[in-house]
Every structure is written in structure tokens, then in C-alpha cells.
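Take these sequences, add in the hints, and give me the full structure.
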Amino acid sequence: MGKLHQVADGVWVRQSEWVWSNSIAVRGEDGLILIDPGIDGSELDQLADAVDQLGIPVVAGFSTHPHWDHLLWHSRFGDVPRYATPACARVAGGARERAQAMAAESASGIPLELVALVTPLPADGGPVPGEIIEHQAHAVGHAAILLADHGVLLAGDMLSDVLIPLFDFRQDDQVGAYETALDRLDEAARHVDVVVPGHGAVAEGPQVAARLAADHAYIDALRRGEEPVDARLGPHADWLSGIHRSNLEQARGR
1 MGKLHQVADG VWVRQSEWVW SNSIAVRGED GLILIDPGID GSELDQLADA
51 VDQLGIPVVA GFSTHPHWDH LLWHSRFGDV PRYATPACAR VAGGARERAQ
101 AMAAESASGI PLELVALVTP LPADGGPVPG EIIEHQAHAV GHAAILLADH
151 GVLLAGDMLS DVLIPLFDFR QDDQVGAYET ALDRLDEAAR HVDVVVPGHG
201 AVAEGPQVAA RLAADHAYID ALRRGEEPVD ARLGPHADWL SGIHRSNLEQ
251 ARGR
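In case it helps, the numbering used here puts the sequence shown at residues 1 to 254.
It is possible that part of the hints are untrue.
Listed next, with one range per pair, are the computed distances between beta-carbon atoms [as the list claims (entries may be wrong)]:
hint, residue 1, residue 2, range
1, Pro235, Thr119, 42 to 48 Å
2, Gln171, Glu226, 18 to 24 Å
3, Glu227, Glu29, 47 to 53 Å
4, Phe169, Ser75, 30 to 36 Å
5, Lys3, Arg224, 39 to 45 Å
The set of hints was computed from the structure by calculation and includes no laboratory data.
Even glycine gets a Cβ: it sits at the ideal position worked out from N, Cα and C.
Right under this line is the structure:
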């Protein structure tokens with residue numbers, strides 16, 4: 001944790017101690033795009049140091065979805081456009097005060113005045129390279145980014161080795177939303193060797209298929225009304241038990 005690691009040509013990842021959150025830097029045509037930078041103030045400052053050492057200017061930011069830990073920024077990254085899907089930007093703008101409060105409660109030193117200042121990504125993608133894969137699993141306007149030229153899929157809060165699928169209880173039929181999203185990520189994964197989740201370890205080679213299989217198996221079990229057999233659940237992860245029970249209840253229509 002802590003260092004900026006290159007996972008592919010033009011793609012770097014720094015992992016936070018907070019829920020294994022991944023900050024991502026991608027080299028575009030005009031400079032760096034920072035994706036989901038975080039988490040606490042000191043980590044954001046360390047990320048800025050690491051970005052400075054790359055010697056590539058930051059030209060934009062991108063938030064994969066409208067949860068507070070994916071809506072952060074630091075003044076050292078620069079006063080540049082920060083993008084999200086139009087749906088994500090709409091939700092983030094409407095929930096900005098809540099995101100600021102959650103950030104203040106969850107981590108120290110976060111520049112609260114910069115939380116959730118995102119704008120809709122232009123239809124042509126603007127400076128953000130690759131293909132945006134938008135879906136509604138986990139959050140409204142959730143985006144993965146397929147960097148086929150780099151062989152990398154940035155999965156947002158999907159395909160984690162530590163977190164089970166986390167349902168958005170403001171939306172109906174998250175089982176169906178996850179099935180649709182995972183089918184789209186299946187197709188995207190055909191073009192990559194590396195997957196970077198929002199939380200957890202980077203997946204490489206055969207690990208990519210294993211991550212997809214794990215999320216599919218979890219969702220398939222819920223679709224059948226069964227208890228999933230999932231290595232991410234158990235005594236070592238008691239903190240996920242409540243989330244899992246809530247997922248089960250939504251899947252069963254309670």
C-alpha cells in the first residue's frame with residue numbers, strides 16, 4: 001500500500017489503507033486523468049507527490065460512481081474538469097452535502113469543499129481515454145472504463161477480491177442490474193489482461209476470469225434464493241455480514 005504502482009503501460013494504481021481503495025492514474029493524449037483518487041488528506045497529498053514525480057500534468061478527473069469515497073479531490077491535482085457519467089453527476093450534485101458529511105465522518109483531512117464537484121462527461125469522452133461502460137449495478141450511473149489499448153479494465157466497485165457485490169437499495173432489481181453489468185464486463189474482459197477494482201487487489205491473467213466468476217456465482221445464488229458460497233464471506237469478514245443479509249432480503253423481495 002501507499003506507492004504508485006504501474007500495472008500497464010500508462011496506467012498506475014495507488015492503494016489506500018481505507019477499505020483497500022484504489023486511486024488510478026491513466027495517461028491520455030494530453031496528460032493524466034485521475035480516477036477515484038482517495039482517501040484521507042495525507043493519502044491524497046502522497047498521491048499528489050507521486051503524480052508530481054511522474055512529470056505528467058493532470059488534465060482531468062473521473063469518478064466512477066456517486067459514493068463519497070469516489071468523489072474526492074485535492075487542490076494539488078489542479079483546477080481541472082472532473083467528470084462522471086451524466087447520471088452519476090446528477091446524483092452526486094444532489095447528494096453533495098451528504099457526501100461531504102460522510103467524508104468528514106469516515107476519514108481525516110479530506111478537502112470537503114472539493115467533494116463531489118463533478119460534471120457530465122461529454123458524449124465524445126473528452127480527455128478520458130477508452131470506452132465507458134455504464135450500468136446501474138451498485139450505484140446509479142456506475143461506470144467501468146475499458147482501456148483496450150492498454151489491456152486494462154477499470155471496474156469501479158465491481159470484481160473485487162475483498163468485497164461482495166453491494167446493492168444500491170434506492171434502485172429496484174439489483175440482481176438484474178448486476179447480471180446485465182457482469183455480462184457487459186465479461187465482454188470487455190476479453191480485451192484485457194488486467195482488471196483494477198475500486199477496492200482490493202489488481203487482478204492479472206487468470207485472476208480476471210476468477211473475479212468475474214466469483215461475482216457471477218454470488219448473483220446467481222441470490223437469483224435462485226440460495227445462500228452463496230463465497231470466499232469473501234465468513235468470520236474473517238464479519239463487517240460484510242450485514243450488507244450480505246440486506247442483499248439477500250432485496251433479492252427475495254422483502
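Here is what the structure says about each hint:
no. : hint                        : in the structure
1   : Pro235 - Thr119: 42 to 48 Å : holds (44 Å)
2   : Gln171 - Glu226: 18 to 24 Å : holds (22 Å)
3   : Glu227 - Glu29: 47 to 53 Å  : holds (48 Å)
4   : Phe169 - Ser75: 30 to 36 Å  : holds (34 Å)
5   : Lys3 - Arg224: 39 to 45 Å   : holds (42 Å)
Violated hints: none; the structure is consistent with every hint.
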